[in-house]
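Number of protein chains: 4
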Amino acid sequence: MTVRVGVIGTGMIGQDHIRRLTDVIAGARVSAVTDLDADRAAEVAARVGATAHPDGAELIASPEVDAVLVTSWGPTHAEHVLNAIAAGRPVFCEKPLATTAEDCLRIVEAERAHGRRLVQVGFMRRFDAGYRQMKEVLASGSLGTPLMVHCAHRNPTVPDSYTSRMAAQDTAVHEIDVLRWLLDDEIVSAQVITPRATSKRFAHLKDPQIMLFETANGVRVDLEVFVNCQYGYDIRCETVGEEGLVRLPDPAAVGVRTAGLHSTAVPQDWKARFVDAFDTEFREWIATVENGTEPTGPSAWDGYAATVITDAAVASLDSDGAVVTVDMKPRPACYGGAA
Amino acid sequence: MTVRVGVIGTGMIGQDHIRRLTDVIAGARVSAVTDLDADRAAEVAARVGATAHPDGAELIASPEVDAVLVTSWGPTHAEHVLNAIAAGRPVFCEKPLATTAEDCLRIVEAERAHGRRLVQVGFMRRFDAGYRQMKEVLASGSLGTPLMVHCAHRNPTVPDSYTSRMAAQDTAVHEIDVLRWLLDDEIVSAQVITPRATSKRFAHLKDPQIMLFETANGVRVDLEVFVNCQYGYDIRCETVGEEGLVRLPDPAAVGVRTAGLHSTAVPQDWKARFVDAFDTEFREWIATVENGTEPTGPSAWDGYAATVITDAAVASLDSDGAVVTVDMKPRPACYGGAA
Amino acid sequence: MTVRVGVIGTGMIGQDHIRRLTDVIAGARVSAVTDLDADRAAEVAARVGATAHPDGAELIASPEVDAVLVTSWGPTHAEHVLNAIAAGRPVFCEKPLATTAEDCLRIVEAERAHGRRLVQVGFMRRFDAGYRQMKEVLASGSLGTPLMVHCAHRNPTVPDSYTSRMAAQDTAVHEIDVLRWLLDDEIVSAQVITPRATSKRFAHLKDPQIMLFETANGVRVDLEVFVNCQYGYDIRCETVGEEGLVRLPDPAAVGVRTAGLHSTAVPQDWKARFVDAFDTEFREWIATVENGTEPTGPSAWDGYAATVITDAAVASLDSDGAVVTVDMKPRPACYGGAA
Amino acid sequence: MTVRVGVIGTGMIGQDHIRRLTDVIAGARVSAVTDLDADRAAEVAARVGATAHPDGAELIASPEVDAVLVTSWGPTHAEHVLNAIAAGRPVFCEKPLATTAEDCLRIVEAERAHGRRLVQVGFMRRFDAGYRQMKEVLASGSLGTPLMVHCAHRNPTVPDSYTSRMAAQDTAVHEIDVLRWLLDDEIVSAQVITPRATSKRFAHLKDPQIMLFETANGVRVDLEVFVNCQYGYDIRCETVGEEGLVRLPDPAAVGVRTAGLHSTAVPQDWKARFVDAFDTEFREWIATVENGTEPTGPSAWDGYAATVITDAAVASLDSDGAVVTVDMKPRPACYGGAA
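Chains as they are written, first to last, in full-length UniProt numbering: chain A, 1 to 339; chain B, 1 to 339; chain C, 1 to 339; chain D, 1 to 339.
Read the hints as simulated data drawn from the structure, not as lab findings.
Check before you lean on any hint, since a few could be wrong.
Treat identical chains as interchangeable: a pair holds within one or across any two.
Claimed, not checked - Here are the simulated lysine-lysine pairs, BS3-like style, with alpha carbons at most 27 angstroms apart: (1) K135 - K200; (2) K271 - K200; (3) K271 - K206.
All chains should be modelled from the sequences, with the hints used to inform the complete structure.
Spelled out as structure tokens, the structure:
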């Protein structure tokens, strides 16, 4: 069976996922699309042989849609996801699940009431081979209990529209999700420290930022977020346990020796860095839809948790680096696990 | 359009490619299969929704087959490929193209007579990201003219059925193909030197072997083939030019520090090492079939060249390490390029 | 001319430096020793052909001593250094310069009154080839203004006598000194965070600790101190500037591939890790004594600064992680530079 | 006791070793010098407080000389070394021991007749920390019996006076010595293959060259010698055994990330690359002189062996790459070991 996916939002990310579902991975096709820009939706629909729908609600209701992919503007996510749950449709929602903790909780509650998981949130790092190796090593117990994690998230540059709060909301949110999963532990407080700002930034921007997190088990995380580091897109993660550490690898790249230097290229772009993770993410999601099983990726609860933790980080940033406790509701039993 | 692939030979490699076409990559499905073992063919056909055919000729003739994949026993390759050419069907043939230079030449001649390329041979290294980066660096000219290549091809172990000649025919053949492509140069002589043999071998086996190749442009290649190296599957390649060198990376793997060591895992298996190359190889081949264009991977000529070069290496092994000139026919213009 | 060194304190460190002056580096010999344990002093003196003196004051006054090396118990350092200054003798004092900020200031004041630098403090990292390369890169300006430094200082294990405060006083003090020098910047605040403690520790010990420093220029430093990390002695330092970063190398070590792993050994011991730095430190110090020039290594002021900064870190540890401002006096002009 | 060294030859190498004995290592001083250029000898003597002698014979006879260092022009080495043996003086001779196998044998015979080892030859690689780690790993047996060694010896460039034969005589001779020691095995044949020559060379020069050696135990060595590689001074060595491999490390160097690249510097110069090896070589030699024990470094026999093996390599180069058997006399028992 080929899974028929309806895509809400045909912007840059939406089109990239449509390409992935159409040209890269097996087992899926895009059967329906919608976008605020109806012309763009029609154009994309024609290109991949899908039907263009006037809005998300109609797309979700279409009998030609087995599963829904939400890649529209963030503030509209909650509505589409809630509609999909109401229709009993599996739904993959790009991050964020919703832009407020309240909306996330509404989704969690709707899913809980529905009785089984329908929602997967688009945090792709859990599907990266390097992070998966890290998790395997940590889960093996060979390094003992984790005590600390050192991370860096660097982008070469960001556009003028990027604000200081987005360092938590758009950038660190990836580490927040992947660390909760990696450690199987919950983040309970956040603190944001602001080093001297880079002069390569826009005047409004606090960049870099250092974020400190504490988990329920007492693990301490430091995360450098530096979105105008100039030199490349660079993701670092090192987890230190009682008996040793494990470190995320750099992507494989040829070594070159010339003119007095041994060098390897640093990726310039998150799409290149995580292209395999995105492919795996969708391949595994499509398989769960095809098999009629619950999604195995980040849940609605994970989407909620990421939102309240980034809220805490933003609150710390806004209050000059105070330690802010994460205000998280109790985790419903249906979401299992610790994080 | 979904490309309908007919698969001749449903052994281990055949089934792995069937899985790839069915579950991994977009744009293809297996519509027909055949195997000497008719029960196995029927079982596989049922599993993927294909038709089982009594033999290759009938499968090739089927109107439900857009392209043919030959993964049967090596000595049968030539017959199936010639049939496919006769039928004007695109055909992907696992290595070797044929087991004798004469049969390879018959295929080359048939394809030349047909007037356009239909054949792709399954040398997957050209699709590996690391080799592609190497080729890009070399093609940029930044390292000057290539002068030497140092390679190693190591397997943890091989079964009893592996013979000393297979070091060239089954193992080194991958380097032979990828180096011709990497250097855009032709191999003109081969020599095989036998170090002290490992005591971990079977008594009949000369392992390791060191193979020396010279190209038309005077590049010298040394290639260690060591198929019982015990520690892992390890592929090394370093090309030295007039201004510097470029080196194939090891696969990315987490670094672990514990018990006094910093370590990373070495792959144990060629399937794991080249899984992405296989996926890319088939994705690109399927795209050419879908677009009705000529295949872009290794050609029938490349299959012929690999065979005559491995013949030279085997002749050197059989004559105590003599330098053996490669006996290669002139390259038909339709195959373009230097190698 | 051979510099005649008088050594006060013939414990483990003292004897190691006596060996270095006697057997390793050119241009020096140990002419006089003293120790609270007179028998040990006599034994060491006999071994290297030196005179044993009853106490530091007499040793300093001896006409057979060109320069003084203080390697006695920390609380006695100030007295010996002050005596050496009073006698106009060059004096190398192992860290700490003195155990209280007040005593450090008395030394600074005495040296200032003397009119030229006589004191060098034994922070050896400034003499490590890796840190020197880092400083060269940073000083070149190619990475822009420094913004952040990420460090780790890990020991395999410590004895029962090690206390939580020693993480700052004995361990982090090395980073404190080397970072002031590396950045040419002053540390103005300290904060100590305590992750979940390792269960491999003694019950009294807060280990690991994460120390956060801010400099006058707004650089933020995070330093993991983990003195029971089990796996080895591991020193990490990465400085991130506006245009890129520079990272301390691991010591060179052979790579081994066997049994599925590629591995290199991690040092187990600070002596092995910094043996070359110690040799260089003494070689350069002896050269300044021989040439009659001021010492070029860490000054009395650096010794004072390290003490007040570690005091701030200890105060933070004692007050549950509060940010503590460093209480540093104005820097006398004679000590030049920013840090 | 301070060892008084008489130095024959005060050219570039001689002066570098004089600096080393005077300013770097403990336990030695230069008490006497001589040089064909008497003015230069006088100037150097004055600088280090030594006596200038009219010739080597007189220097060796001087009662102020405990040990002799020969750093004069190669063709004069044999005479000085034989004189030193006749005088019963420990003698350190820079490579080559002598320029002909016959002269080397005369020295071996003289030393054998003298009854104990007096001669050490200046092959410094045996004192390099990386090679020593390799030897330790190989000697531990953990990698099984060695089967192959892959080496490269690259210089950025050489002067016009460098000839094709010097690739063996001056360059590969370092690998020849260190591999005999590393493997504890003897080299029995040599073959030199000439790839396409670099266009960065002088017209007369065959560069690069690939040298193949076989040992008595059947180990095969391939050694790339490339003395105009442009990019740096780069020494590679990888020994492959039955159970795994061990690889010489690159020198430790800071990693820098900027402008899209991660890079480390490659040494440009053999003096920088092996400075620590030279220091250790002389420190250990001086200690044997001081202790009155036999030297532990490369022996006269090793000097002879290196000469006959380079002779074989040159003969192969001169005969278009023929395999040339090494013509080595039986090893006198007094030199112990296999190589």
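So, going through the hints one by one against the coordinates:
no.: 1; hint: K135 - K200; verdict: between (36 angstroms within a copy, 22 angstroms between copies)
no.: 2; hint: K271 - K200; verdict: within (23 angstroms within a copy, 41 angstroms between copies)
no.: 3; hint: K271 - K206; verdict: within (24 angstroms within a copy, 41 angstroms between copies)
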